[in-house]
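Peer 1: Spelled out, the chains give:
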Amino acid sequence: MSWVLANLPLLAERLLAHLGQSIPPIVLAFVLAIPIAKLANARGWLRGGLTAGAGLLYAVPSLPLFIVLPIILGTGIRSTVNIIVALTIYGLALMVPSASEALRAVSRDTLQSATAQGYAPLARFLRVELPLAGPALVAGLRVVAVSTVSLVTVGGVLGVPSLGMLFIDGFQRSITAEILAGIVLTAALAIALDLLIMLGGRLALPWSRVRGEGVR
Amino acid sequence: MSQLLEAFSWLADPTRWSGTDGIPTRLLEHLWYTALGVVVAAVIAVPIGLLVGHTGRGRGLVVALSGAARALPTLGLITLFGLWLGIGLKAPILAFVVLAIPSLLAGAYSAVESVDPRTVDAARAQGMTEWQILSRVEVPLGLPLLISGFRLAIVQVVATVMLASYIGNGGLGRFIFLGLQLQDYPQMLAGSILVVALALVLDVALRVLERLLAPRGAARG
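Chains as they are written, first to last, in full-length UniProt numbering: chain A, 1 to 216; chain B, 1 to 221.
This is chain A alone, in the form it adopts within the complex (with noise of 0.2 Å):
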């Protein structure tokens, strides 16, 4: 506790460099799996082959693929863009499934009756498709959020600044507190991020409440 209370100012910094690599990829992982969801059930061969490769995709494990990375982006193995952009793909990996079902449970009849209303396709799926699908895209989104805020650590291992240092750095210097304090404050940052995205999908979304939360 001790340890704790002598580096607040550490841990707030690791704490805000954490928020750094986990809010872009969360928010980059959303904004791009909609219209690639949207794309790919237009397109039955498209929506199999994304729904498998999403699958093998997320079985690969988090560090070879930070490695890997800076090959393709140029960027250094240390350097965060290479965290977010590894992180945005496993984003994908599990959105893109996620909010392609969430797209396809609105009911047809629905969109049909919107188009018979005089509503043009762009405008049916911002303002009747999309606010349908809302709810089940929200519980997406928090199993995004969560899986990201717990993969940023891994970063830690490269010397990435973030909580995870935490756990290397308490390792290596036989600090508990260190460790603990990290899986703490990983955990608390994961379940903070978890209800914020709930509850301001509830509020965006009033009709939320009444459909069940598919949380795959």
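Since the hints were made in silico from the structure, they are not lab data.
All residues carry an ideal CB built from backbone N, CA and C; glycine is no exception.
Just to be clear, a hint being listed does not mean it is correct.
What the hints assert, rightly or not - Label-pair distances were calculated between CB atoms; the ranges are: (1) T75/A <-> L85/B: 32 to 40 Å; (2) P140/B <-> A120/A: 22 to 30 Å; (3) R43/A <-> T119/B: 18 to 26 Å; (4) S174/A <-> I48/B: 29 to 37 Å; (5) S18/B <-> L195/A: 51 to 59 Å.
Stated by the list, open to error - Footprint (simulated), chain A over chain B, 3 or more residues, beta carbon under 8 Å: (6) 81-92; (7) 99-107; (8) 118-128; (9) 190-201.
Stated by the list, open to error - Sample of chain B residues at the chain A side, in silico, Cβ under 10 Å: (10) L4; (11) F8; (12) L77; (13) I78; (14) P140; (15) L143; (16) R151; (17) I167; (18) F177; (19) L178; (20) L180; (21) R207; (22) L209.
Put chain B on the given structure of chain A with help from the hints.
Peer 2: Chain B only, in chain A's frame:
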């Protein structure tokens, strides 16, 4: 790109394929740790998951538990257990077990839950005991989902075994961390390629097994 070529020539070097720190030894270590972790976790998690699925009791707890486990950083558990339990197999195995349990638990209970309740009622009406319903109806019909739980647990543990090399254990992760220490990027790449290949081979093999063992009309995982 030249570094990728160097990584492949690292892999092609015949001296890497023998000896106590060769690729086959490290691969066997990796598989052995993975098997050990998943089997111990399965002994704990599968009976509990099946029971939860069969009785429907404790479902909320299982869902909350597997959700919470996703928030736990793998590397944190490995270094924490490593510090507490010292060098040896105890610390990493404990981490593997803790991380494999949620997937196995979820797989086991969702396998039982996926079975049509009318089928279960029909089995009960025919005079099957609860044990017979579980072992002869629910488990065979839910088998693909149960295997899917094993697949997720195995993939997770393969990744965790790699990280456990950091605290001094064997396995394919050794090459990555040795390369990191020596600033030998081709070796890190080669180690990464090996770990990815292992994870993908296991994932695909278990997906095939899921298909093969699915009885006709059973839920797809």
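Peer 1: Indicate, hint by hint, whether the structure satisfies it.
Peer 2: Status of each hint after checking the structure:
1. T75/A <-> L85/B: 32 to 40 Å: holds, 37 Å
2. P140/B <-> A120/A: 22 to 30 Å: violated, 51 Å
3. R43/A <-> T119/B: 18 to 26 Å: Roughly 36 Å apart at Cβ, these two residues miss the hinted range, so it is violated.
4. S174/A <-> I48/B: 29 to 37 Å: holds, 35 Å
5. S18/B <-> L195/A: 51 to 59 Å: holds, 53 Å
6. 81-92: It holds, with 3 qualifying residues against the three required.
7. 99-107: Per the Cβ count (0), the hint is violated.
8. 118-128: violated (count 0)
9. 190-201: holds (count 7)
10. L4: holds, 6 Å
11. F8: violated, 12 Å
12. L77: The hint holds - L77/B has a Cβ within 10 Å of chain A, the shortest such distance being about 7 Å.
13. I78: holds, 8 Å
14. P140: violated, 24 Å
15. L143: violated, 19 Å
16. R151: holds, 8 Å
17. I167: Status holds, d = 7 Å.
18. F177: For F177/B, the interface hint holds, since the closest Cβ of chain A sits about 8 Å away, which is under 10 Å.
19. L178: Where the cut-off is 10 Å and the nearest Cβ of chain A is about 13 Å from L178/B, the hint is violated.
20. L180: Constraint on L180/B satisfied, holds at 7 Å.
21. R207: R207/B check passes; min Cβ-Cβ to chain A is 8 Å, inside 10 Å.
22. L209: This interface hint is violated because 14 Å lies over the 10 Å limit.
Violated hints, listed in ascending order, are 2, 3, 7, 8, 11, 14, 15, 19, 22; each of the other numbered hints is respected by the structure.
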